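2 protein chains.
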Amino acid sequence: MIKALVFDAYGTLYDVYSVKTACEKLFPKKGESISILWRKKQLEYFFQRQLMGRYRPFDELTEDALVFACKAEGVKPSQKEIKGLMDAYLDLELFEEVEAVLAECKGVQRVIFSNGSPNMIHPLVSGSRIEPHIDKVISADGIKQYKPAAPAYAYALDQLGVTRDEVLFMSSNSWDIMGAASFGFHTAWINRARSQPDNLDIQPEKAYTDLKGILEWL
Amino acid sequence: MIKALVFDAYGTLYDVYSVKTACEKLFPKKGESISILWRKKQLEYFFQRQLMGRYRPFDELTEDALVFACKAEGVKPSQKEIKGLMDAYLDLELFEEVEAVLAECKGVQRVIFSNGSPNMIHPLVSGSRIEPHIDKVISADGIKQYKPAAPAYAYALDQLGVTRDEVLFMSSNSWDIMGAASFGFHTAWINRARSQPDNLDIQPEKAYTDLKGILEWL
Numbered sequence: 001m002i003k004a005l006v007f008d009a010y011g012t013l014y015d016v017y018s019v020k021t022a023c024e025k026l027f028p029k030k031g032e033s034i035s036i037l038w039r040k041k042q043l044e045y046f047f048q049r050q051l052m053g054r055y056r057p058f059d060e061l062t063e064d065a066l067v068f069a070c071k072a073e074g075v076k077p078s079q080k081e082i083k084g085l086m087d088a089y090l091d092l093e094l095f096e097e098v099e100a101v102l103a104e105c106k107g108v109q110r111v112i113f114s115n116g117s118p119n120m121i122h123p124l125v126s127g128s129r130i131e132p133h134i135d136k137v138i139s140a141d142g143i144k145q146y147k148p149a150a151p152a153y154a155y156a157l158d159q160l161g162v163t164r165d166e167v168l169f170m171s172s173n174s175w176d177i178m179g180a181a182s183f184g185f186h187t188a189w190i191n192r193a194r195s196q197p198d199n200l201d202i203q204p205e206k207a208y209t210d211l212k213g214i215l216e217w218l
Numbered sequence: 001m002i003k004a005l006v007f008d009a010y011g012t013l014y015d016v017y018s019v020k021t022a023c024e025k026l027f028p029k030k031g032e033s034i035s036i037l038w039r040k041k042q043l044e045y046f047f048q049r050q051l052m053g054r055y056r057p058f059d060e061l062t063e064d065a066l067v068f069a070c071k072a073e074g075v076k077p078s079q080k081e082i083k084g085l086m087d088a089y090l091d092l093e094l095f096e097e098v099e100a101v102l103a104e105c106k107g108v109q110r111v112i113f114s115n116g117s118p119n120m121i122h123p124l125v126s127g128s129r130i131e132p133h134i135d136k137v138i139s140a141d142g143i144k145q146y147k148p149a150a151p152a153y154a155y156a157l158d159q160l161g162v163t164r165d166e167v168l169f170m171s172s173n174s175w176d177i178m179g180a181a182s183f184g185f186h187t188a189w190i191n192r193a194r195s196q197p198d199n200l201d202i203q204p205e206k207a208y209t210d211l212k213g214i215l216e217w218l
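Residue numbers (the UniProt record's numbering), protein chains in the order written: chain Y, 1 to 218; chain U, 1 to 218.
Read the hints as simulated data drawn from the structure, not as lab findings. These numbers were taken from a predicted model, which means no experiment stands behind them. Every residue, glycine too, gets a C-beta built ideally from N, C-alpha and C. You may find that some hints are simply not true.
[To be verified] Quick list of the computed label-pair ranges, beta carbon to beta carbon: (1) D135(U) x E205(Y): 48 to 54 angstroms; (2) T21(Y) x I82(U): 42 to 48 angstroms; (3) K136(Y) x I82(U): 34 to 40 angstroms; (4) S18(Y) x D87(U): 21 to 27 angstroms; (5) I36(U) x G53(Y): 26 to 32 angstroms; (6) Q79(Y) x D201(U): 16 to 22 angstroms; (7) P118(U) x G53(Y): 23 to 29 angstroms; (8) P118(U) x P151(Y): 29 to 35 angstroms; (9) E205(Y) x K144(U): 36 to 42 angstroms.
Take the sequences, apply the hints, and build the full model.
Have a look at this one:
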């Protein structure tokens with residue numbers, strides 16, 4: 001029986017590419033390319049840092065990735081402009097169906113578990129409409145190990161007071177849902193991009209194109 | 001003083017995109033896109049597997065990546081055709097300057113250290129012109145941990161009979177040269193693609209656009 005719904009944040013509940021607007025405003029015609037490269041490098045950097053055992057808080061490596069992306073796109077933001085772009089991460093747009101689905105999920109813990117550092121993920125959630133529907137927000141910074149490494153999921157589980165088998169984990173990110181499946185959570189891949197499933201020897205139990213599908217678990 | 005030159009294989013000595021020809025022959029007009037996606041997924045799969053602690057030999061995950069890439073590109077190779085494409089990895093082209101540079105590196109151990117499984121990397125080296133100039137070939141399969149995780153570099157070092165400080169490590173792959181630098185090898189990034197350096201808190205000691213630059217270390 002599912003007692004805790006654990007949601008990834010970036011890309012799953014919140015659209016990380018909504019930073020595009022802030023990028024576009026500062027750097028006309030380059031907003032999209034900067035925001036895509038920014039996210040790509042952010043992913044690379046926490047993957048590599050986890051692999052090398054060189055932890056760095058998510059806000060700092062996200063800024064590292066932004067600086068890389070701006071340089072690659074030939075723009076030179078000031079420190080104040082970089083701060084402005086980083087602040088866009090505190091005000092990401094929710095995907096359309098998220099609020100209604102979370103409001104329907106009653107009688108279970110509703111938890112966000114993110115690689116985002118506390119100073120990114122807490123303001124994001126507390127400033128958004130879903131805040132009343134979220135019981136707990138957990139950052140991987142608490143153990144300083146990033147998803148999809150098993151110790152990160154174990155750390156989140158420790159905060160929940162339930163068994164591994166009582167958790168349904170949701171993420172739109174293939175690497176995240178695979179990591180959660182490998183760890184032993186029940187898993188539902190929110191495949192918003194309708195991507196081809198990765199060819200690994202584990203798979204999520206269910207796949208939906210948005211969050212509405214998870215209601216069948218309750 | 002440098003006593004061992006340790007070279008990455010794929011992308012550093014050998015051009016992984018030379019599999020494009022074999023792909024193109026089987027799937028006209030799709031050779032380039034398949035070979036690019038094949039490499040991209042190969043990288044993703046060993047990164048993710050190392051992160052999740054789900055080791056799988058490099059030949060098997062390389063085939064997993066190929067199967068993914070073919071499906072994504074809408075082609076359906078037979079088992080025999082898949083084997084033919086995998087065989088292309090045993091006969092990759094050397095980059096132009098490699099043989100001459102290796103021949104000039106005298107009085108030091110010349111070592112290849114690759115994530116490739118023994119059944120991929122040994123036939124590749126023994127069938128290529130540089131074989132007489134290579135003293136040792138080491139596969140990360142010996143410890144079943146992939147670069148850029150520190151235990152992989154430690155395993156290679158153990159085979160060399162020298163200290164960490166006596167090794168010059170070379171790779172064209174940014175994630176690999178960063179991992180080696182983080183481990184404590186001397187490092188020379190063979191930046192063939194003239195890529196912008198990654199914005200991490202470690203950097204290779206030197207960067208060259210091909211292997212000729214390393215001769216200044218001897």
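E205(Y) and K144(U), beta-carbon distance inside 36 to 42 angstroms? Given a distance of about 28 angstroms, which is not inside 36 to 42 angstroms, the answer is violated.
Quick check: does the Cβ-Cβ distance between P118(U) and P151(Y) fall within 29 to 35 angstroms? 30 angstroms Cβ-Cβ, so the 29 to 35 angstroms window holds.
Check the following: the C-beta atoms of Q79(Y) and D201(U) are separated by a distance inside 16 to 22 angstroms. 18 angstroms, holds
Can the suggested window of 48 to 54 angstroms be confirmed for the beta-carbon pair D135(U) and E205(Y)? 49 angstroms, holds
Is 26 to 32 angstroms right for how far apart the beta carbons of I36(U) and G53(Y) are? Since the Cβ atoms of I36(U) and G53(Y) sit about 30 angstroms apart, the hinted range of 26 to 32 angstroms holds.
Does the Cβ distance between K136(Y) and I82(U) fall inside 34 to 40 angstroms? Between K136(Y) and I82(U), where Cβ atoms are some 46 angstroms apart, the hint is violated.
Given the hint of 21 to 27 angstroms, is the C-beta distance from S18(Y) to D87(U) inside that range or not? Between S18(Y) and D87(U), where Cβ atoms are some 46 angstroms apart, the hint is violated.
State, for the Cβ atoms of P118(U) and G53(Y), whether the hinted interval 23 to 29 angstroms holds or is violated. Holds, at about 26 angstroms.
Just tell me: holds or violated, for the beta carbon distance of T21(Y) and I82(U) against 42 to 48 angstroms? Between T21(Y) and I82(U), where Cβ atoms are some 44 angstroms apart, the hint holds.
In summary, the structure is inconsistent with hints 3, 4, 9 from the numbered list given earlier, while agreeing with the others.
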